[in-house]
Amino acid sequence: MVEHDMREIDVREIGDRIREMAVEVSWNLGTAERECLRRLSEEEESPLGRKILSAIVSNFEIAAAERRPLCQDTGLAVVFLEIGQNVRLVGGSLLDAVNAGVRTAYRDALLRMSVLNDPLLRANTKDNTPAIVHIEIVPGDRVRILFGAKGGGCENMSRSAMLNPSDGKRGVVEFVTRAVQEASANPCPPVVVGVGLGGTFEKAAILAKKALFRPLGKPNSQLHLADLERELLDSINRTGVGPMGMGGTRTAMAVHVEAFPCHIASLPVAVNLDCHSHRHMEAEI
Amino acid sequence: MAGKRADTADDTIRLRVPFGEEVARSLRAGQHVTLSGTAYAARDAAHKRIVEAVARRERLPVDFRDQLIYYVGPTPARPGEPIGSAGPTTSTRMDDYMEAMLELGIRATMGKGIRSRKVMELQKRYGAVYFQAIGGAGALLARHIKAAEVVAYEDLGAEALRRLELEGFPAIVAVDAHGGDAFAEGQRRYCRL
Ligand code: SF4
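Residue numbers (the numbering used here), protein chains in the order written: chain B, 1 to 285; chain S, 1 to 193.
Bound-form chain B, shown alone (with noise of 0.2 Å):
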């Protein structure tokens, strides 16, 4: 392909669907979310917490029906950009435009603005921008867009480690579940856990939040990756924090690992978690 072949995408294309994708997470949890919630309702062993999980269901169908937030936090927004290297884009500031349909979603929609412009001086934005925005440069000539609406007490309870490599399997098994069993009620459980596995100290970080965009229970297609999800959300679960750190047998709706190489001394491992609340989409333009 000779350069003038570039296609040419205007970036308030992008914050338009960034605009529809953050009202639509707020109030209509996706397809799979819910079927899990229904199924885990089922087959929760402690009856406070079925009591608590039929809750969470009347929730969602509350907030589908009256087109509501489902939850008052409706997070910080976090958005990855896959952009295929044929990209021209155009129309002005790649991140403005992120911004604006951010800021245009949460003001017209009657959202929470739960962004502070610095950590110590910790005055509101007002708008709930900026976004988090994580831009990698693809092969092609198109646009996918990943958005998640985050909130902050799961992502409060995210943790990471540098383990040793002799620590192995075993180790990162003992590390995400400690992380999940100490998080307790706190993150809002049955969570869904992100795991980051190599790289470097923030790859690992980077992927643990990736991970929560994939479709909700997808197993990864490495079997090795996808026998360590499978035993992890086991060890989730048996940690008794169940729903709502109450108690119970289902204190998960999923696990999703990524894993990248890394260093010969290394074994990176972080957990992000996401809540119940697990607002997420994608576009591709």
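No lab work stands behind these hints: they were computed from the structure.
Small disclaimer: the values here were computed from a predicted structure and weren't measured.
Any given hint could be a false lead.
Unchecked claim - Now the stretches of chain B that chain S is said to cover, found in silico as 3 or more residues with beta-carbon under 8 Å:
hint : region
1    : 38-48
2    : 70-80
3    : 105-113
4    : 233-246
5    : 275-284
Said to hold, decoys possible - Partial list, derived from the structure: chain B residues whose beta carbon lies under 8 Å from chain S:
hint : residue
6    : I52
7    : A55
8    : I56
9    : S58
10   : N59
11   : P119
12   : L121
13   : N124
14   : G153
15   : S184
16   : A185
17   : C188
18   : T249
For glycine and all other residues, C-beta sits at the position ideal for the given N, C-alpha and C.
Following the hints, put chain S with the ligand in place on chain B, whose structure we already have.
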């Protein structure tokens, strides 16, 4: 299983808020309650303001004696409605304010998630109780809030201090005034590690 289980609907205790020390001490971890009456909404930033006002010996916007504080930062209300989605926020972040708030006379708090050892001890000493509301159930729980009015710190937006009128608001006694902890008890029962 024989006998009546604590989680059947008939065992739900209907409570009027505010309530006094005697009621607080009669509650036990794991009990289901519904709350009706007046309560206050406050989270991180409002707690900070209250505690700073006390330190400066300023008059407080409300009398907190026997009051229930609901840790919540709602979404904006639609026109004609009292409040937007209004589920609980994580209570752990208010643990450090607990002693000062109990000194002001609060009797109960409601949020989601676990509390520190220190909060458990304080609740025993002051005769106070902590309820967990269902996290993430903001659309459902808003139906049990019939009125809401900002009483102070309006500039804090979602974090302003609000007076709420609750009606049949469902919650679970999570930490009682005797050291009972429904999280620890429930998790112990189902832990299979
Ligand atoms: S952890 Fe999730 S469900 Fe719970 S309050 Fe936060 S955003 Fe809502």
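Restraint: B/S58 near chain S, CB-CB cut 8 Å. Satisfied or not?
The hint holds - B/S58 has a Cβ within 8 Å of chain S, the shortest such distance being about 6 Å.
Taking a Cβ-to-Cβ distance below 8 Å as contact, does the region 233-246 of chain B have at least three residues touching chain S?
Three-residue rule met by the region 233-246 of chain B, so holds; n is 9.
Coverage of the region 275-284 of chain B by chain S (three or more Cβ within 8 Å):
holds (count 3)
Interface hint status, B/A55 versus chain S (Cβ within 8 Å):
Result: holds, 5 Å to nearest chain S Cβ.
Go through the hint on B/I52 and say holds or violated, using the shortest Cβ distance to chain S against 8 Å.
Because about 6 Å separates B/I52 from the closest Cβ in chain S, which is inside the 8 Å limit, the hint holds.
Quick check on the hint: B/G153 CB to chain S CB, less than 8 Å?
Constraint on B/G153 satisfied, holds at 5 Å.
Taking a Cβ-Cβ distance under 8 Å as contact, does the region 70-80 of chain B have three or more residues in contact with chain S?
With 5 residues in contact (Cβ-Cβ under 8 Å with chain S), the coverage given for the region 70-80 of chain B holds.
For the restraint on B/P119, tell me whether the closest CB of chain S is nearer than 8 Å.
violated, 13 Å
With a cut-off of 8 Å, does the beta carbon of B/C188 approach a beta carbon of chain S closely enough for the hint to hold?
Result: holds, 4 Å to nearest chain S Cβ.
Holds or violated: the region 38-48 of chain B covered by chain S, criterion of 3 or more residues with Cβ-Cβ distance under 8 Å?
holds (count 4)
Min Cβ distance, B/T249 to chain S: is it shorter than 8 Å?
holds, 6 Å
Is the hint on B/N59 kept, meaning its closest Cβ partner in chain S is under 8 Å away?
Interface hint status for B/N59: holds (4 Å vs cutoff 8 Å).
Hints 11 and 12 from the earlier list are contradicted by this structure; the remaining hints agree with it.
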